[in-house]
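2 protein chains.
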Amino acid sequence: MKNIFPFLDWISSYKKTDFVKDLLAGITVGIVLVPQGMAYAMIAGLPPVHGLYASLFPVLVYALLGTSRKIAVGPVAMDSLLVAVGLGTLAITGVENYIKMVVVLALMVGVIQFLLGVLRMGFLVNFLSKPVISGFTSAAAIIIVFSQMKHLLGISVVGSNRIYKTVINIFYKLGEINYVDFSIGLVGIALLLGFKKWAKNIPGILVIVVLGIVAVYFFQLETYGIKLVGNVPSGLPSFIMPTLNIEDVKQLAPIAIALALVGYLEAISIGKAIEDKTGEDTIKANQELIALGSSNIVGSFFQGYPVTASFSRSAISFDAGTKTNLSAVFSVILVVLTLLFLTPLFKFLPNAILASIIMVSVVKLIDIKYFKYLWSNRKDEFFVMLVTFLITLFIGITQGILIGVLCSLLLMVYRTSKPHFVEIGNIGNSDYYKNVIRFADEVVVRNDLLIVRFDSQLYFGNSAYFKKQLLKHIKAKGPALKGIILNAESINYIDATAADMLTKLIHDIRERELQFYIAGAIGPTRDIIFSTGIIKELQREFLFVKTKEAVDFFDDPNEISLLAAKVAYENSRMAKAKRNIN
Amino acid sequence: MKNIFPFLDWISSYKKTDFVKDLLAGITVGIVLVPQGMAYAMIAGLPPVHGLYASLFPVLVYALLGTSRKIAVGPVAMDSLLVAVGLGTLAITGVENYIKMVVVLALMVGVIQFLLGVLRMGFLVNFLSKPVISGFTSAAAIIIVFSQMKHLLGISVVGSNRIYKTVINIFYKLGEINYVDFSIGLVGIALLLGFKKWAKNIPGILVIVVLGIVAVYFFQLETYGIKLVGNVPSGLPSFIMPTLNIEDVKQLAPIAIALALVGYLEAISIGKAIEDKTGEDTIKANQELIALGSSNIVGSFFQGYPVTASFSRSAISFDAGTKTNLSAVFSVILVVLTLLFLTPLFKFLPNAILASIIMVSVVKLIDIKYFKYLWSNRKDEFFVMLVTFLITLFIGITQGILIGVLCSLLLMVYRTSKPHFVEIGNIGNSDYYKNVIRFADEVVVRNDLLIVRFDSQLYFGNSAYFKKQLLKHIKAKGPALKGIILNAESINYIDATAADMLTKLIHDIRERELQFYIAGAIGPTRDIIFSTGIIKELQREFLFVKTKEAVDFFDDPNEISLLAAKVAYENSRMAKAKRNIN
Chain Y
1 MKNIFPFLDW ISSYKKTDFV KDLLAGITVG IVLVPQGMAY AMIAGLPPVH
51 GLYASLFPVL VYALLGTSRK IAVGPVAMDS LLVAVGLGTL AITGVENYIK
101 MVVVLALMVG VIQFLLGVLR MGFLVNFLSK PVISGFTSAA AIIIVFSQMK
151 HLLGISVVGS NRIYKTVINI FYKLGEINYV DFSIGLVGIA LLLGFKKWAK
201 NIPGILVIVV LGIVAVYFFQ LETYGIKLVG NVPSGLPSFI MPTLNIEDVK
251 QLAPIAIALA LVGYLEAISI GKAIEDKTGE DTIKANQELI ALGSSNIVGS
301 FFQGYPVTAS FSRSAISFDA GTKTNLSAVF SVILVVLTLL FLTPLFKFLP
351 NAILASIIMV SVVKLIDIKY FKYLWSNRKD EFFVMLVTFL ITLFIGITQG
401 ILIGVLCSLL LMVYRTSKPH FVEIGNIGNS DYYKNVIRFA DEVVVRNDLL
451 IVRFDSQLYF GNSAYFKKQL LKHIKAKGPA LKGIILNAES INYIDATAAD
501 MLTKLIHDIR ERELQFYIAG AIGPTRDIIF STGIIKELQR EFLFVKTKEA
551 VDFFDDPNEI SLLAAKVAYE NSRMAKAKRN IN
Chain V
1 MKNIFPFLDW ISSYKKTDFV KDLLAGITVG IVLVPQGMAY AMIAGLPPVH
51 GLYASLFPVL VYALLGTSRK IAVGPVAMDS LLVAVGLGTL AITGVENYIK
101 MVVVLALMVG VIQFLLGVLR MGFLVNFLSK PVISGFTSAA AIIIVFSQMK
151 HLLGISVVGS NRIYKTVINI FYKLGEINYV DFSIGLVGIA LLLGFKKWAK
201 NIPGILVIVV LGIVAVYFFQ LETYGIKLVG NVPSGLPSFI MPTLNIEDVK
251 QLAPIAIALA LVGYLEAISI GKAIEDKTGE DTIKANQELI ALGSSNIVGS
301 FFQGYPVTAS FSRSAISFDA GTKTNLSAVF SVILVVLTLL FLTPLFKFLP
351 NAILASIIMV SVVKLIDIKY FKYLWSNRKD EFFVMLVTFL ITLFIGITQG
401 ILIGVLCSLL LMVYRTSKPH FVEIGNIGNS DYYKNVIRFA DEVVVRNDLL
451 IVRFDSQLYF GNSAYFKKQL LKHIKAKGPA LKGIILNAES INYIDATAAD
501 MLTKLIHDIR ERELQFYIAG AIGPTRDIIF STGIIKELQR EFLFVKTKEA
551 VDFFDDPNEI SLLAAKVAYE NSRMAKAKRN IN
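So the sequence lines, in the order shown, correspond to chains Y and V.
Heads up: the first sequence at position 65 corresponds to 65 in the UniProt record's numbering, and the numbers run straight through without jumps.
Heads up: the second sequence at position 438 corresponds to 438 in the UniProt record's numbering, and the numbers run straight through without jumps.
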């Protein structure tokens, strides 16, 4: 039961002091949620009120089912952008049809997340590496900033999902800038940054929204041609079943998959980041998928659009001292009150104010520091980040993620296809066996004995490389060579292709009158050695726990203790046989 | 110069005895090459003479440029089938157009191989694992056998690239079997198998070809309605530039890429198999690509079709004692003589004889033994082989290879995403630290100290798993725990994502008043530890060469020798700094 409704975990021990903190945090988040929700809906290309609709039931459902106690769910910038970009490529006419499609999209995102959770696919998120996430987020932030330029400048620009087209379009319209809009936006940005720096406790977003409305109302700024949010329908959303047809579902499928994964990724990474700080350990990957999925499904019945955890609001909530998911309920109450009583006020809210809120909140997602870090420390991963960034920026968001993931997997495979292969030797007066190049001054190199270490699993992708390298080292040693010891400590797996190669190689090496020993094989590798042809070719007497023992045996083949033999020959088949005898 | 023309390597030291061996081997291979070439051209859907054309210039060009001295190049069964299946899906009308397309295909295959060689992409072949190759070859062999059924049975069956359709079509025509054709074919098969078993030195293929021609000629078997090869044009092929147009190139691209890679794979694996036996070491992956590519390009100017190394003829050549590529020149002379003087004889050669040659040579490629081996030893790789086999058999050859490669890469990634993570402990009276479960009877487990080993590189795909497992183990130890030692011997890499995770994790662990030590990190891992934030969080005093030293330090923090410290802290930055000082 507690697995399905994680809030049951804390509800029994809930204290009065917790309530006060949750109430305060909930209200603080709610104050930000209202303008942010409207702003993000605008990014998504929706009428602002849908951002408020998406802040009701999805938030409540997550409070019931989610495993993180401190994340704030609702509309977020990145997902809103994904919605806009995804639907931008489809030819949808009219706001009504657009809303319908967005609702279907929310339903699909929810169903995908729910199913992934049920199928326990939460581990998938592990394949989004940090360079991919950062490259992707940085590019998305830039796209969002440019998508808001028209609101900040008060010009009308044809939207495009190609950033360079947007930039060109803005450039052509620079002559038409409405300086009142522009000034309002700049003041908004300045105030937000100022509050953030010097008065952290004041909810800057709320202040500039109120100031904006007041300014428009009293100075009748609309006469200067500035763009306002306009009429926001009053009242709560009603229950409407999304209308599905196969054609739409097909068209929306790629963007729904991307949104489902990105949304999940955001929620889990924000949740984990907060857990890191609190030391709590409640998040369960698959239940999170189910919770987010349910949020989106229920949200789609009430004209919401895809939601996930918001980075900024989660941070605000955490700073305000939230204790449990109950705080989310108070945020929802605030949104309900807004929808019932405050919508008439938003008629006077300038779009430039919402644009300034969006810009300030996303610009910090551009991760220049990480770019620099990777550039100086990891050129290969820098490349992955750059590719992800450029493709996201210039080709598309889903393509960016996809190719980023592909690149990082390829990098991983490439890395293991030519792993580190070194000759090691004994460091005088110790039982250390280390790289003869790194420790050139200390290591004793013998001509009659080649000791090598291979730093990777042995599999089809590198078995040819392994063989080539070993033969090269054998050749370099010349005719004095009598034996070869393979230090297998970092060979953590041997697949069928490599096992075959190794078996044949040992055979060939022995035919050349050279001895071959394996030292330091770990358990799983020993199991493989014993279950394949390797052991028949090698003979178990040539397996050792430590390199030093192999060297001693090479020098004097009698010297091996009972314990050393027992540990060296242990493997799962033997263990099973022993158990059966007992 | 010797890199471009590898034959310069042996030509200077060429001996008279080598010449005799090359002459004999060349003639033996030539005797098989003529009927095989014709038979394989038939598989490819071409008039048999094109198999002879493909046995001229391509073979000569390879002799000049190839790095393997003992492989026999020319038409082969697998590539012929790929040609047939690939072109079968395009709607080509008329033999003339079909030939034109095949020639364009040969040119494209050549260009692709040549470019891959120039771009030094020879390593790509490493990604074809043995289960994929075996699964693919087994399925292809079955497809070839069924494609030859109609010739063996003397029925006419509409060709199809779907094996089940071929089987059904054959089944429907079973009533129309020509028993003379069938008998000839069965006798051919029986003789081939018989010679192979009891009289290895007799060239069985030549014998049954001669017997077939003689029988048809003297007993006028054509009156029984059997199918004959028919008129084979006499004379050498003339130089004709292939006619290219973009539409054809586009259509042929996927099949050309598959053929280029498969052909290369065959050549390199046959070449390496022979090198294994002779101890020679002359094959260079990229030069092989250039050699094969040039062969196919030149071949396409003389109405050839894609060629590569033949498994059966290379084996024959090796058995006959070939020494160098000169033997190939003698084979070519034999083909030239055939084209000039012997073509009239082939008019009387029954198709069933060619079918029996094909069937006997490919049926041994069905690798049931390897299926069984994987089934009992490697269920996961068995699955990869089975998928490759089934997709090749029922969906398509290129799809089979592609999905096979993808599956084996995914398996590799999956394996590294949840690697072996174990607690290790000291085996009494030794400095062995081993898995506490495997060595439950011997290991001393301490409550105040957790020693763990993680058997994989640490990267984005498993960094979350690592953290989860470590925290689980820490929790299980309970409040008595004072320190954690990570045995990093088999962690052969740490990527940026994982380095970040590890840095934060060490910080969190230390905040819980627990100590954290890393023991046994290998050189490349030490470099990463020292070049990322890990070292700042960890402090280098907590790095050790051996697990035992970390344990001793945990028990008594003063005890560390100068040498131990020096080896433990060695890293590339330090080494560079030291070099700069010197």
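Some hints could be false.
A pair counts as met if it fits within one copy or between any two copies, since identical chains are not told apart.
[Stated by the list, open to error] Using 30 Å as the maximum straight-line C-alpha spacing, the simulated DSS-like pairs for lysine-lysine come out as follows:
#1 K468 - K379
#2 K200 - K277
#3 K100 - K250
#4 K472 - K272
Simulated from the structure, these hints should not be mistaken for lab results.
Given the structure is predicted, the values throughout are model-derived calculations rather than measurements.
Here's how the hints hold up against the structure:
1. K468 - K379: both (27 Å within a copy, 28 Å between copies)
2. K200 - K277: within (20 Å within a copy, 76 Å between copies)
3. K100 - K250: Classified as within; 15 Å inside a copy, 40 Å across copies.
4. K472 - K272: Between copies only: 16 Å across chains, 48 Å inside a chain, cut-off 30 Å.
The structure fails none of the hints (numbered hints given earlier).
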